[in-house]
Each structure stands twice: as structure tokens, then as C-alpha cells.
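A.B. asks: All chains should be built: construct the whole structure from the sequences, respecting the hints.
Here the protein sequences come in this chain order: A and B. 78 is the number that the working numbering gives to position 58 of the first sequence; each next residue is one higher, with no gaps. 226 is the number that the working numbering gives to position 225 of the second sequence; each next residue is one higher, with no gaps.
There may be inaccurate statements among the hints.
To be verified - Listed next, the in silico PhoX-like pairs over lysine-lysine satisfying Cα-Cα at most 25 angstroms (straight line):
1) A:Lys126 - A:Lys71
2) B:Lys179 - A:Lys447
3) A:Lys142 - A:Lys213
4) A:Lys150 - A:Lys172
5) B:Lys16 - A:Lys37
6) A:Lys250 - B:Lys70
7) A:Lys52 - A:Lys71
8) A:Lys405 - B:Lys71
9) B:Lys70 - A:Lys405
10) A:Lys36 - B:Lys71
11) A:Lys52 - A:Lys112
12) A:Lys42 - A:Lys230
13) A:Lys112 - A:Lys405
14) A:Lys405 - B:Lys16
Stated by the list, open to error - Derived contacts from chain A toward chain B, CB cut-off under 7 angstroms, selection only:
15) Phe242
16) Val270
17) Ile344
18) Met351
19) Met352
20) Arg386
21) Cys387
22) Met396
23) Pro434
Hints were generated in silico from the structure; no laboratory data involved. From the three backbone atoms N, C-alpha and C, an ideal C-beta is built for every residue, glycine too.
Take a look at the letters that make up each chain.
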Amino acid sequence: MHFKTFPHGIHPPELKKPTAEKTLEVIPAPDKVAIPLHQHFGSPAEPLVKKGDEVFLGQKIGEATALFSASVHSSVSGKVLSVEGHKHPLGKPVLTVTIANDGRDKSSPDIQANKDPLSLEKEEIRRIVKEAGIVGLGGAAFPTAVKLTPPKDKPIDTVLINGCECEPMLTADYRLMVEYPEAILKGAELVRKATSASRILIGIEDNKKKAFEIIRSKTNGFEAEISLLKTKYPQGAEKNLIYALLGREVPRGGLPFDVGVVVQNVGTAKAVWDAAETGKPLFERALTVTGDGIANPKNVMARIGTPFEDVIAFCGGRAENADIMVMGGPMMGLAQWTPEVPVIKGTSGILVWTAAGPPFEHNCIRCSRCVTHCPMHLVPTQLMKYVRYGHMQEAESWGIMDCVECGCCQYICPANIPLVHWMRLGKSRIISLKRQKKAHDK
Amino acid sequence: MTNKDLRLQSSPHFKDRDSVPGIMYAVVLSLLPAAAASIYFFRWRVLAVYGLSFLACMATEAVFLKVRKKPMTSLWDGSAVITALLFAMILPPDVSLDIVIIGAIVSIGLGKQVFGGLGYNIFNPALVGRAFLQVAFPVAMTTWTPTSFQIDSATFATPLGNLKFQDAIMQGTLTPIKELFLGNTGGCIGETSALALLLGAAFLLYRRVIDWRVPAGIIASLALFTGVFWLADPQSFASPLFHIFAGGLIIGAFYMATDMVSSPITPAGTWIYALGIGLLAGLIRLFGGYPEGVMFAILFMNTFVPLLNRLTRPRILGERRRG
Numbered sequence: 021m022h023f024k025t026f027p028h029g030i031h032p033p034e035l036k037k038p039t040a041e042k043t044l045e046v047i048p049a050p051d052k053v054a055i056p057l058h059q060h061f062g063s064p065a066e067p068l069v070k071k072g073d074e075v076f077l078g079q080k081i082g083e084a085t086a087l088f089s090a091s092v093h094s095s096v097s098g099k100v101l102s103v104e105g106h107k108h109p110l111g112k113p114v115l116t117v118t119i120a121n122d123g124r125d126k127s128s129p130d131i132q133a134n135k136d137p138l139s140l141e142k143e144e145i146r147r148i149v150k151e152a153g154i155v156g157l158g159g160a161a162f163p164t165a166v167k168l169t170p171p172k173d174k175p176i177d178t179v180l181i182n183g184c185e186c187e188p189m190l191t192a193d194y195r196l197m198v199e200y201p202e203a204i205l206k207g208a209e210l211v212r213k214a215t216s217a218s219r220i221l222i223g224i225e226d227n228k229k230k231a232f233e234i235i236r237s238k239t240n241g242f243e244a245e246i247s248l249l250k251t252k253y254p255q256g257a258e259k260n261l262i263y264a265l266l267g268r269e270v271p272r273g274g275l276p277f278d279v280g281v282v283v284q285n286v287g288t289a290k291a292v293w294d295a296a297e298t299g300k301p302l303f304e305r306a307l308t309v310t311g312d313g314i315a316n317p318k319n320v321m322a323r324i325g326t327p328f329e330d331v332i333a334f335c336g337g338r339a340e341n342a343d344i345m346v347m348g349g350p351m352m353g354l355a356q357w358t359p360e361v362p363v364i365k366g367t368s369g370i371l372v373w374t375a376a377g378p379p380f381e382h383n384c385i386r387c388s389r390c391v392t393h394c395p396m397h398l399v400p401t402q403l404m405k406y407v408r409y410g411h412m413q414e415a416e417s418w419g420i421m422d423c424v425e426c427g428c429c430q431y432i433c434p435a436n437i438p439l440v441h442w443m444r445l446g447k448s449r450i451i452s453l454k455r456q457k458k459a460h461d462k
Numbered sequence: 002m003t004n005k006d007l008r009l010q011s012s013p014h015f016k017d018r019d020s021v022p023g024i025m026y027a028v029v030l031s032l033l034p035a036a037a038a039s040i041y042f043f044r045w046r047v048l049a050v051y052g053l054s055f056l057a058c059m060a061t062e063a064v065f066l067k068v069r070k071k072p073m074t075s076l077w078d079g080s081a082v083i084t085a086l087l088f089a090m091i092l093p094p095d096v097s098l099d100i101v102i103i104g105a106i107v108s109i110g111l112g113k114q115v116f117g118g119l120g121y122n123i124f125n126p127a128l129v130g131r132a133f134l135q136v137a138f139p140v141a142m143t144t145w146t147p148t149s150f151q152i153d154s155a156t157f158a159t160p161l162g163n164l165k166f167q168d169a170i171m172q173g174t175l176t177p178i179k180e181l182f183l184g185n186t187g188g189c190i191g192e193t194s195a196l197a198l199l200l201g202a203a204f205l206l207y208r209r210v211i212d213w214r215v216p217a218g219i220i221a222s223l224a225l226f227t228g229v230f231w232l233a234d235p236q237s238f239a240s241p242l243f244h245i246f247a248g249g250l251i252i253g254a255f256y257m258a259t260d261m262v263s264s265p266i267t268p269a270g271t272w273i274y275a276l277g278i279g280l281l282a283g284l285i286r287l288f289g290g291y292p293e294g295v296m297f298a299i300l301f302m303n304t305f306v307p308l309l310n311r312l313t314r315p316r317i318l319g320e321r322r323r324g
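C.D. replies: What follows is the structure, given as C-alpha cells:
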């Protein structure tokens, strides 16, 4: 059988076995949660609480005031200990609400269940999603309410539900598909209604056949079609998934809106359904805790704000010699410098292992493997040279801003050149040059 | 749990196993059948050529690395070994040993290290050494010996020399394709046996070490070019099949032109480069002063590689198709 996929990309080792068949376990809420007000793409939320306030479980503690932002909710009931800068998995300290858990999980009176969520109106769905602070749970944490509000001149015909989980080692999305297929389908249906799309397409890679079978057995009654895709990284990257399933190319610098598509991760779809059905805002998420530095690899449901060290302790602790801790997958995840950082909405996994140390870097031998594998069809080695020698205009015209930092080039590079690092450096230089120019022109 | 010992590194955290030395030694491995064939056809003396070429290349590489204050790790990346092997393989079997040393030094020194070492050379290093010798010692470089299974004669020539200067088609002495394919024919040490070379090339293609477009493009354009003339006048021109298996075309197409460093990195650039080599090689063979043109064709197209790369940026995903 021929499965759809996209051109280029790579086949890294999957390493999903240790956790794939492990049921999601709920981690007990910790004594103290640290909930950053900035966990998403866009502007930070404005704090609604102050030190000493009593908060309920699910109470809104940060308000999204900008368009690209998301509200933040308490993941426990208890007392606010502080609202101040705190260690954050994305690196820089972020304004964070720290709450002492009273252990009672008293729900906020604002949380209201809906009797018949599937008959909700478009506007109502968008409002619920915005109020629940839902963001893309694949890792990029793009505010979902924005995705549900396509511009008037860009009609949407298809909702793509992303069940690829193409990052190695991660299995939390797989667990959600196996354990909550109906919630995902119903959430997808709400997304379809909110965007006035005519159909739902679900893409799952062929290394997750069980999830495919389970979801397919539930699709009766939904305008949903489900496809198996040939396993390849980065299939779950929005633009590659759209190409794989629909053969459409999102224009450079554009969004899926531009080709009539909205993409939602399976976890996001489930969060949308949960919010619509029970009124529950996004205060917990599924994530995979794995790697050879974890005693007991697991898939877990963790409250937002749970420190990494608590999550790791729940999974049997960290091996003594393990020296790499990554948030996300091994291809795009961020190395952490401390286990005190909290789980945020974008935490798809916590990986711990022992690293071999940086490899010897050879000169580029121009083997062009990075060119052959780049899913955006860029020329990474050339971009690296442009950035290295300061030719930023050439770097830009050769498409450095189109780089999605998926890591294929660096993964495949036989010379061990940190290509993705060069891409990031180049992009940030170009952005700051543009800012300078703007400031200068004023 | 302490946090001092956590190591920071940027993503991706996974790495494919293949490495620069891995690629280089795969090429070395792939050349072994051809090297064995060369010993079979030209006897043990060629071992001295291989040995001296190896020693001279490695010594030159080491001296340059030392002077340029580069890590000695690079000496063992395998690239100099390939140059040494390939350079020896494109010398006449009876070449005098001092010439081997001179050429090997030139290959690594002028062909590779003066540009900045591995990855920065414009030309294929082995071909630079060979071209230098062609100019400096023209007679030595065009004196050929028969294989140990051929009869010696005063006017011994390579199949291509025979074709060009001795009117082989009319005389009926054109070397049969079978001999060309197996390698029982005059020529450079490692170039004569197409069979042995193709065996190694198949391994490289399977391992995806070399880009299939390069040999495909070279062979296609050479076959097309020589084919047109052959069809028009088979009494004066040899068949495309003869041209593919004669001389250095196979070793050039699969091992020289495919040198990653000196070939384009874009797919379109690679096609232009390969088609250009085949066409130029055919042009020189049919109408040039030399019987063989593969070396100059590759060196000539090497010079265009930076330009080809610049002019053939691939279409980025989502970029509007031109026109």
C-alpha cells in the first residue's frame, strides 16, 4: 500500500517503544505550582491575582489582552505565594504566579458545563476556546482562538488534525489517540464548525497503526476522513503535513489559512472538547517522560506549573550520570539548565539522557545531504556560510527566514556542523538589523 | 537532584551515524576492486606507485596541517587517502617513481591545501596533480604499457590513442568492448577495468555516498554527443558504448566528478555540471588534440561550480514557480 508523505525529510531512530504502550498516568498535583504568564506564541498574559490571593482550580489568573496571547489559569486551588520572575523552560525568566496547593482542588465557580456542546454556535466555540486559554499543544503553543478565527477573505475548507507525533521518543499524542479517540473527534468537529470548514482530515503516521484503527472505528457520524502517512520526520510540521495530505503548498511567509486549511494537534482537539463539554480550562496536559536517564519512562498527565523535578521524581528519578534534560522532542526540544522549571502548555515531553559530548566538527565537504533532506527545500550549508561571513542579505534571499529549525540538516550532517544554530543566529541577526533600520528610519 | 551538571546544547539532540571519515573510507573501500584489478593487469610494480603516492600525500597533508595549525585529527579523515589512491590510479603503469612523488605533493599541496584544505578546494586534487604532470612531463605521461596478458608492440597505444592516431576503425584494430569492460587493455593503472570500477560504484550508489545524477548526466551527454557522430559516420567515429568504456570515463564519472567538494550542491547545478563534463569530454576526444578529454572536462567544469550553485538555488517550498 502506498502511503502519502512529503518530499525530503529524515528517518531518525524512533525510540518510542519504552513508553508507547504505557497508559497515561495522572501525576498528583504538587505542593506548589509555578505558572508562567507567558507560555505561548505572542504577548504575555496580564496578571489578575496578587500575592496572598486565594484562587480556585481553573480560575483565570492571567488575562490575554493582546490578539496573539492566551489566558492562563490556576492548576490547583490554594494561595498565591508570589507573582514575580521565575525560571522558565524557554530560557529567560518570566513573570510567574506561584501558588501553594491546598490539596482540595476546589473548582472555580466560573467553570460551566455544556449540555450539548456539539450544537454550540461558531462564536460560542471561539469564545470558549479563548476563555480556556487553549494553545497548540504540539509544542509551538500558538493561541488556538486565533486559528479558529480565519480572516474573512480566506475561506477554510479543511481542518487537519495532526496525529503525526513525528518527534522521536514522544508518545503522549499516541496515548491520547488510543485513550481518548472520541474527545479528539468531537474536538475536531468543534474546530470544523468554528472555522466553517466542510471536512476533517486526520493524519497519522504508519508507525501508529493502532491509533489509526481506533480512531477510524469511531469516525461514524463525523465529516472526518483518516489517512495513514509514511513515517518520516518532520511530517508533523504544519507545512509538510498540509503538503503530504492535500498536496497544497503554503506560500512563503504565509499561514495555512492561505490555502484554506487549519491544522490542530490531537491534544489541542481534545482540549477544545474538554473546554466545551466541562468548561475546564487548559490547566493540565499529556506529556512523555523518557530517555535512558529516567528510571521509569511514562506518559503522564501533569498540571501546568508542576516543576520538572517533581515529574521526573514521579517517574522514578534521574540517573546519576544523566546530563541532558530536554523539553520537547530530541529533534527540536530545548535543553534545560535546571530541573526547577515548570511544565508549561508547550511541554510535550521531558527527556533525560547521558550525552556523548560535542562531536569533532569537520569542514563542510559539500556532500549536499542537508540540501537533499531539508523539508523546506533550502540550502543549509550555503546559508551557514552566508551567516558565518556576515552576508545577511544573501542569507535572506536564499530563504533563511523560511527555516523551521526542524533539525534535519544538522541530524544528517556528516561533518557535525551545528547548522540549526547558524540558522537561528542568522535569523535573529536579520530581525535585529531590521529593527535597527526601522528605528533609524523613524 | 543537583542542576550544576546539566549540559546545554542546541537542538537537534540526535545525530545520524554517518561521518566525514565514514564517507571517505567508504570511497576508499569502493576503490579496492579496481586497485586489485590494476595489480592483476599490470603486476606488482603498481603497488610501489600506490605506496609512494600514499606516503607523499599523507606527508604533504601532515606538513600543511602542521604549518596551518589545524588539528591533526584531520589527517585521518580519509580524504588524503582517497586522493592518494585516485592519483595513483590515473598514472601510466610504468611511470617513474620520482614523478609519482612530485605529482602526489602537487595534488595535496596545490590541489587541496592552498585553498584551505578539505572542503575548500575548487578542483579535484588528484586531477590537479595529474594535470600538472601532463604539462611538466608530457612524454612520461603518454607512454603506455600493455597489460600482462597483451602482446607488446613498438606502437602500443591506449584504445583511445589507437582510435585517434592510428586510424583504428579503418584498420579494424579498435579495442573490443569486452576487453574495455574487463580491463585487459592499455591505459592508466586503475582506469582500465570498467567492471571493477562499477562494482565499487554500485556500493557507493547504494550507500548514497555519491550523487547518481553525476555519472548519469556525464554518460548520457557523452553517449548522446558521440552517438550523433557515430550514427552519421560510423567509418570515422567510434560507438557511444566504446566511448563510455574507453579511457578514464568510468573512473572520472563515478569517482572524480562525484567528488563532493568540487561538484555542485544543488540538484539543477549538478545536472548542468554533469552534462557539461560529458559534452566536453566528447568534444575533446572527437575533435581535440588529446585522445582523452575526461580530466580536462572535469577540471573545466569544476571552475563553474560556485557559479552554478549561485544560479541554481532550489525553489523553496511555497515559493511561486517562476514564469
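A.B. asks: Taking the hints in turn, state whether each one holds.
C.D. replies: Here's how the hints hold up against the structure:
no. : hint                : in the structure
1   : A:Lys126 - A:Lys71  : holds, 19 angstroms
2   : B:Lys179 - A:Lys447 : violated, 57 angstroms
3   : A:Lys142 - A:Lys213 : holds, 6 angstroms
4   : A:Lys150 - A:Lys172 : holds, 19 angstroms
5   : B:Lys16 - A:Lys37   : holds, 19 angstroms
6   : A:Lys250 - B:Lys70  : violated, 48 angstroms
7   : A:Lys52 - A:Lys71   : holds, 14 angstroms
8   : A:Lys405 - B:Lys71  : holds, 20 angstroms
9   : B:Lys70 - A:Lys405  : holds, 22 angstroms
10  : A:Lys36 - B:Lys71   : violated, 41 angstroms
11  : A:Lys52 - A:Lys112  : holds, 21 angstroms
12  : A:Lys42 - A:Lys230  : holds, 14 angstroms
13  : A:Lys112 - A:Lys405 : violated, 29 angstroms
14  : A:Lys405 - B:Lys16  : holds, 21 angstroms
15  : Phe242              : violated, 30 angstroms
16  : Val270              : holds, 5 angstroms
17  : Ile344              : holds, 6 angstroms
18  : Met351              : holds, 5 angstroms
19  : Met352              : holds, 5 angstroms
20  : Arg386              : holds, 5 angstroms
21  : Cys387              : holds, 5 angstroms
22  : Met396              : holds, 5 angstroms
23  : Pro434              : holds, 5 angstroms
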